[in-house]
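With chain A's structure known, arrange chains B, C and D on it following the hints.
Chains as they are written, first to last, in my numbering: chain A, 1 to 123; chain B, 1 to 773; chain C, 1 to 358; chain D, 1 to 553.
Calculated directly from the structure, the hints in this document are not laboratory data.
Be a bit skeptical, because a hint or two may be false.
Just so you have them, the derived chain A footprint on chain C, three or more residues with Cβ under 8 Å [claimed, not checked]:
hint, stretch
1, 89-103
2, 123-129
3, 297-309
None of these values were measured; they are calculated from a predicted model.
Every residue, glycine too, gets a C-beta built ideally from N, C-alpha and C.
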Amino acid sequence: MITSLAHIAEPVTTVAPDIFGDVGVSLYHYLFVSATLFALGVIGFLTRRNMIVMFLCTEMMFQAAGLALIAFSKYHLNHSGEVFVIFVLTIAAAEAALALALVVLLFRRRETLNAEDWALLRG
Amino acid sequence: MLDGLTSLMPITTLAADAAASYTGSKDALASGAGSGLMVLVPLLAILGAIASALMLCFKVRTKLPAWGVVGTIAVAFVITLVGFLNWNGDGAHIAHAFEWINASWGSGGAGETFTANFSFYMDGLSWLWMLFVTGLGALIALYASEYMAGDKGYARFFGAFGLFVFSMACLVMGDNLVLLYLGWEGVGLCSYLLIGYFYTKPEAVAAAKKAFIVNRIGDVGLALGIFLIYITFGTVEYAELFPLISDGHAVNVAGDPISGWVTWAIPCLLMLGAFGKSAQFPLYVWLPDAMEGPTPVSALIHAATMVTAGVYLIARCFPLFTLSDGSMIALQVVGYVGMVTALLAATIGMAQFDIKRIMAYSTVSQLGYMFAGLGVLTTTGAAFHVFTHAFFKATLFLACGAVMHGFAGQLDLRKLSGLWSQPGWRIVTIAMFIGCLNLAGVPFTAGYFSKDMILAEAFITPWGQLIGWVLLFTAGLTAYYTFRVFFRVFVGPAQYEPGDEHHAEDHDHSHFHPHPPGWAINAVLAILAVACLVAAATYFVKPDEGKGWVGGLLSDSSAAYVSPHGHHGDDHPDDHGAEHALRIGDAEVIPASHPGHDGEDGHSHDDDHAEKDERAMKAGTFLGMDPHKVMYYVSALFGLVGILAAAFLHGPKGPAGLFIGNRTEAAHSRADKLLPMLGPIPTWAQNKWYVDEFYNMVIRVPLLVVSHIFHLIDKTLVDGAVTVAGSLPKTLAKAIRPTQSGVLQGYAGGMAVGLVLLLFVVWIVVIRAGGVG
Amino acid sequence: MGPPTLHELFNPVLFYVLLTLGAVGVALASPRKGVSPQIIGGLVVGAAFGGVLVLLGIRGNEAGDLPNLYFYVFALIAILSGLRVITHPKPVYAAIYFILTILSSSAMYLLMQAEFMAFALIIIYAGAILITYLFVIMLATQAPSEEKVASLEGYDSTAREPLTATLAGFALLAVLTGMMAHGMSDLQDSRQVIRPSVHSLEAPILGVLPNKVIREFEQAAVFDHGIAEPTVEEVNDGFDANLRTMAFKIEDRERFDHGLETDTRFRSMLPETIHGDTVLVTLPAERGITNAEGVGFTLIAKHPMALEIAGIILLMAMLGAVVLARKQIELGEDEKAAQLRTLGQGFDDDVAHVGGGM
Amino acid sequence: MIQTILTPMFAETDASTEMLEKLGFLTPEIALFVTTCLVMIIGLSSSRSIRDTIPIVSVIGLGVAGFLAYTNQSTIAGAALGGIMPFLKTLIAIVGIPLVLLMSGTVDRDYENAVARGLPFDSIRSNRGEFYAFLLFSLTGLMLCASADDLIWLFLALELTSLPTYVMVSISSGKAKSQEAGIKYFFLGAVGAAIFLYGFAMIYGATGTTVLFAGDGEYSITTAFAADLADGALSPIATLGVILAIIGVCFKIAAVPMHFYTPDVYEGAATPVSAFLAFVPKTAGFVAILLLLSAVGWGFGAEGTSLPEPIRITLWIIAALTMTFGNVLALLQQNIKRVLAYSSVAHSGYMLVGVIAGPGDGGSIASNGLGAVLFYILCYGFMNVGAFAVLACLERSSGDEIETFEDIRGLCETNRVLGWVMVLCSASLLGLPPLLGFWGKLYLFTSGISAGEYALVAILGLNSAIAAFYYLKLIAGPLLDEPGESAKGLRETPYVGRVIAATVSAVSVVALVPFVNVLANAANDAATVTPAQAQTLDGSEAKIESPRSDDDA
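Just chain A, with the same shape it has in the complex:
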C-alpha cells in the first residue's frame, strides 16, 4: 500500500472552494488573531506567577502558531500546514505531560507553585 500512496505527492482538495481571495485580506484576519494570541501568551508568561498558568501561556503561543499554520495551509491549498498542526499538538501534549510532572515534582518539594520562589540560582 505504501507504494501506491507514495505516488500521491501532494493531495489537494480542490473540491473545497478557495476560501481566501487573491488579495489576502481575509487571510490577514486570521494572522492577526494568531499574532494576538501569541502576544497574549508572552504577556501571560511574564505576568503570571503560577507555573501551571505560565505553561498554559506557552500552550497559547503554540496554539497561535497552529492557527497561523492552518490559515496558511488553506491559503496555499495544500495540507502540509494542517499536518504540521498535528505534530504541534503532539509536541504540546508531550511537553504538557513533562511540564506537569515536573511542576508536581517541584510542588512536592516546596509546596508552592510560585515560580518566583525558585530563584536561588542567579548572577
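Positioned in the frame of chain A, the structure of chains B, C and D alone reads:
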C-alpha cells in the same frame, strides 16, 4: 666493505642530472623503496619519547626507558641503513607521511597556495645526515643507559632524547622549510631541556637559559628568512624551490625573475639562523656553557648532531647562497666568520683546564672550520668534516665523560694523570687517542682528510687566502690543545684527585676508587673508535669522484646543485658545457654546473685548467703551488708541530725517549714556566677573551638600563591604560549582571524584550530595503 | 488588484492607536492588589481588538475578500478568553478560559474548512491536555496544611510587572502584525509561484478508488498532468464545478481499457476525450477527497518519518513523566530516605546547597 | 547497511525509493533508537551486573551509529549542504561516547550505592537506565536534526533533542537546585520552542511548503527562496519567519537574547549533564540554523555573497552581543560551572561569525565559515567535555560538587592527570596555539575576514582577549598555584568513566592537532554548498547519490 659501498654509489651522477631531477615537478619525485621507509624514523623516535614520557608518569624506576629509546633509535638506524642501501642514488625522493598544512586561496594558482607537508626529502645530503644522526644517536643512547643509571630523571632524559632524534629527523628530512623550522625549534627545545637537565644546579639553569636566548636570536633570523623565501618565491618546498634557481638566477613560482635586495637578504637571514644553532662568532657563547648538561648530551647534541644543523641549513639552501645578484656576500661572511670562530675558540681552548670545556671550544673551533668550508664554496668539504667530526668528537666527548663518570666529576686536567696505567681504562685511553689523532689532523685519519679538503679549497677560492692561512695556523693550535689533554690526562704518572660528585657508595673521601667504565661505555667507545677509522676510509671510496663517498652523496643533493666549487681542482670542461662566468667579488671564476666526475684523483689538479682561466688560477694557488697537492703535506706539518709542542710542554718523561716532555706530576708541566713569558695573554685566553664580560657590558647593562626606563614607562602609562581597558569589561559586566536575576519570568522578559528589539531592527531594515509600507 | 501594503490593509495610525488602546486594556485587566478594574480593562481590550477587526473588515469588504462573518465573533471570543487566561487570578478558571480559546480556535478552523484539525483540536487539546492541566491544578492547589492555604492563594492574585510585560507583548504584536502586513504583498507573489506546483501535483483520487481499480491503474497507467484546470471554454459552456477532470497517461492501453471496462461502476469515469496516450477522466465531486483524507494522505505520503519521530517523542514523554513521577514517590516516603541515611550515604536533604555563584 | 538490504526488496518501484532513501540515511538514528530501547529495558533489571552494562551498551550503540554514519555517505537530495549529514552524525557519535562515559554515576547514586550494599533493588527507585535512555533519545534527536529535510521534521527533531534534556536536568541530582534548573530550562525552552515554531509557520506561510530541500527540481523552500533571490531580497514574511526561527533556536545555542538561562541551568544541573547541555542542544541549534540558512542561501547582498541584509544584521547583533555578554559576565564569576556556562555562551557567539561569513568561495576552510563552524563544533565538543569532566571527577568529602576556583588550585600537583586535562582544555578553549581550539578559532577568524566582516572579527578578537582573563585563571590555578585548603579536602569520584572521558577529551585536544588539516578539510567538504542539483524531471533514480568515496575523509 668498501667494494660493497662502492657498488651502491651512483656510477656517474652528474650535477646536471641532479638538476634535471629537481626541475621535474615534485610529483615526479616518486617515493623510492628505501625512502618510503624513512617515514618510520621520526615515528619510531617519537614513539620512544612518548613511551619514556609515559614511564615518567608511571614513575618507572628501571632501565626500561633507556632500552625503549635505544631500541627505537637502533631500529631507526637500521631502517635508515636499509633505506640508504636501497636508495639507488638517483637524486631526491620524497616520502610522503601525511598532509600537514595545505592552504590555498584565491584561485589557488601560483603564489596562492601554501603547502608544507610531513614529507621527507631524501637526497644524498639527508641520507648522510640521517645515517650519523640515527647511528650516533643509538650508540650514545646506549652509552647513556649506563652513564645515566641511577639518576632521578632517567625517564625524563630519554624522553627528551627521543624527542631530540625526532626533531632532528624532521629538520634533516623535511621536504620544506617549515618542517625544517619545526625540527629546528624542536632540537632547540630538547637542547634547552637537556642542558638544564640538572635543574637544581644553578649553573645548568643559567646555561640552559643562555643557550635558549642566544639560539632565539638566530631563530629569528631563520624565521624571517623563511618568510622572506615564501614571499619571494611563493613556496617553501625544496622540490619546488630549488628548480627555480639555476646558474645564479632565480624566478618565483609565477615565473617572474627575482633580483634586488632579497637575493642577499635571504642568505644573510638564513646565515644568522645557522650562526645561532652552530655556535658561530658572535653567537658561540652558549655552547661551552652547554657542557653543564649530561655528557652524552654534550656528545650527541652539542658536538655531533645538533650544532651541525647550521651547516646542514646552508648546505641545503646552497642554491640560495649563490644568487649572482647577491654576489655571494653571505658566503663570504660565512667564510670569514668561520675563520674567526675557529681561531678564537682554538685560542680559548688552549688555555682551559676543564677537559670537557676544552672539547666544547674545540667543537666551536671545528664548527668554524665547517663554516669556513662552506664560505669557500666546498659543501663537500664542510659536510665531510661534519661527518668525520661527528665520529671523533663523539668519541672524545664520551671518553671525557667516562673519565668524569669514573672520577666523580673530576674534569680538571691538572688533577688527573696517567689513566693508561690504571686498571680498566685502556679502552678509554685508546679511544681517546684515536679521537685526538683525528682532531689533530694526523695524516691518514678522517679528520686529516676532511680538514685538508677545506684548507685546499680555501686557497683556491678568490677570497679564501686569508681564511686558508688562519685555518692552517688554527690546525696547529688544534693539534696542540688536543694533545695537551691527552698527554696530561692519559699518560704520565698515575695520579688523580676525585671530584666532588660522589656516588652514594663513596661516603668516605679517603677511600675513593675510580669506577672504570662498564661494558656499555666501553663498547660504545670501541665502536666509535673503529668508526673513526672507517670514516677515514670513506675518503677513498669512489676515488674518481675526488671527494670520496661524501662527495658522491652530495653531488646528488641541493648542496651541489649549482656546484660553484667546481671551478677548480676537479673541474673538467665537459660536454655539458654549462659554464657561466660568475662574478664573485672582483674575481671572475668559472664554475661548472657539476662536481667533477673525471677519472682523476680529486687532488690531482687538472692540467688544462691553467690555460683555461689564468685569473681563476691566480686566485687559487698556495704560494704558487697547487693547494690540492701541497695541502697534504702542509697541514700534516702544522699538525705534527702542534703535537710535538704539546709533547714537549706537557708530555711525561717517557721510556726510551718516546716522550720528549719531562712531566712527573699531574699538576705541573713545562708549560707553566712558559706562561709568564707570554704576559697576560694566557690569562685572557683562559677567561675566554672576556667575550662574556664584553657581552655583559655591551648588551646586558644597557639593556638593563633601558629596561628600567621602560619599566617606569610601563608602570605609569601602559599599566594605567591596561587597568582602564581591563576595567571596562568588568564595568560592563556589572551593568549587565542584574539581568541574571534568577527569576524565571525575568529571564522570559529579557528574552521577549530582546526578541522585540531585534524584530524592530529587522522591520526597519526590511522597510528601508522594500521602500514600501 | 494591487497587493495590499500596510497602508492598504488598514490605516496604520488608527491601527496603532487601537493597539495602544488594547495595551492599556490589558494593563488594566491585569490583576492587582485591592480593587482592580478588570472588567473595564476587558471592555477596553474588546473594544480595541473589535476595532481592529472592524478596520480589517472594512478593508476586506472594499477588496471583496472577507472572511465568514462568524469569524469576527469567534476571533473576539478567542482574544477575550485568551485575555482572561492571563488575567484570571484562579488557575482553574484560567485553564477553563483556555478551553474556551481552544474552542473558538477550533471554530475558526471549521470556518477555514479544516474540519479534521478542528475536531482533533477539540478532542486532543480541550478534551485531553486541558483536562490533565485541570487535574494537576486541582492536585497541586490542595493545601497540604492549614497555614499554607493563605500563601497558596495570595501569590498569583497580582500580576507581576504588568506594565513592562504589556509593553513588551504589544511591541511584539505591533512588529509581528506590521511585518506580516508588510509581507502580504510579497505573499501574493509567492502564491503565484506555488500555484503551478499545486496543479502539477498528481491526483489524490487513487486513494478513494476501490482497490481493484487502484491495481489496474498501477499496472496500466500513471497519472500524467494531475488535475487539469477547466479551460475558459469549459467554464463558458457551463462547466460543472462539481466535476473534476484528471489526466492519465496510459502506458498499457489494452490492459487499462480492459481493466476499466470490467467494472461497470466506473463507466462514468471513462474518458471523454482521448489525446493520444493521455486520457482525461472526469469524476463527480463526491469522488474527490475530503479534508480528513487529504490530511491523512499528506501525513502518510509526505511525512512518514515525522510520524515516526512523533512516536519516539511520545514514548520519551511518557517515560519522562513516569521518571519525574517516580521522583515524587521517592521524596514522599520519608522512611526510605531515612533508611538510605542509615546506610551511611549523604542523602540530599531539602535544604539545597546553593552555589556561591554570586 | 540496512539500506543495502532493503533496497532490492523495494527497488522495483520508483515510489519506494524516496522512502528508502530516507530510511537509508537514517540507519544511525535507527541504531541509536534500538540502543535506547535496549537501555530502557536493561535499566529495569534487578541484577546489578546487568544494569551496570548500560553505559557499555550505550557506547556500543553510539559506536555502531557512528560507524553507520561514517560509512553511509548518502546525502539528502537537493540539500544545499549535502555533506553535512554524514559528517555531523559521525561527529555526534564520536563526541557522544565521552559524554556517555562522563555520565557514569550521575543519577541515583545514593540509591545505587545502597543497592550495592544490600538494599533490595526496586526498579521504580532507580532512574539510571531511563537517564541513559534520555541521553540517547537526545542524541537521536540531534542526529535527526542533521538529517532533516523538512520543517516538520526539523521541528520534531529539535524537540526530541530538547525534551529529554529537560528531564535529565531535573533528575540529574536530588538537589533542589537541579529542579530549579529544570524548571527554568524547561519553561524558557518552551517559550523558545514557541518562537521558532511561529517562525516555521511564517516560513511555511511565505513559501507554501514545509519541504526544505527536494531533488529533481521539485518545489521546496529552497527553490522558493531562490526565486526571492531574483528580487534581491527575501520576502518580508519569509524574513520574519527565518528570523523568528533563528531567535527561537538561539535558546538552544545559548545566544543573546535567549541566553539568560544558561548559567543557572549549568550550575544547577549535575556537572556531566551541564557538559551534555553545552554540546548536544547547542549542536542541534547550529544544525538547525545552518539548514535554514542554507535554504536561504548566502547569495544575497551587494556582491551576492552574504545573507539577506535583515538576517545578516540580526545575526551580526546576536553574535556581537553573545560573545560580549558571555565573556564579560564570566569575568565576575567565582563558580567554575558558571564560568564555563558563560564561556559556552561566548563560544556560540564565535561560531555565529562563521555562520554569517557563509560558505565563501568554497575553495578552502580558510574562507568557508560553515566549515569553520562544523570544525569548531568538533573542537568545542572535546575541549568542553574535558573541562566539565574535570569538575565532574572531583568532589568534596561531603559529596558536593566542586565549585570555585579555590577548589582547583594546584590541581596539577594533587591530581596530575585531571590538572593537566583542565589546563589543556582551558588553554584550548582560550585558543592557545597549537591546541585544537586555536585552529577552530583561526578558521572562524579567517572566514570572517574573507567575508569582509572586519568589525565582527575585531569584536571576536577583542572578546578572545577578554576571555583570557578567566581562562588564564583556569590554567594558572591548577598549574602554578599551591593547593589551597579547600583543594586538599577534595577527593576523586569513584567513577572511572569520568576520568576516561576527561583524559580522552584532553588527549583529543592535543592529539588531533596533526590531523587538523584532515579534519578541517572534511568539515570544509561537508559544508561546501553544492550548486542546485541538475533539474532532472524524470530521474527519480538520480535521487540516490552514489556513496561518496571515503578517500577524502
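Results for each hint:
1. Look at the stretch 89-103 of chain C against chain A: 6 of its residues bring a Cβ nearer than 8 Å to a Cβ of that chain, three or more, so the hint holds.
2. Counting residues of the stretch 123-129 of chain C whose beta carbon lies closer than 8 Å to any beta carbon of chain A gives 4, which meets the minimum of three for the stated coverage.
3. For the stretch 297-309 of chain C, the proposed coverage by chain A is satisfied: 8 residues have a C-beta within less than 8 Å of a C-beta in that chain, meeting the threshold of three.
Of the numbered hints stated above, none is contradicted by the structure.
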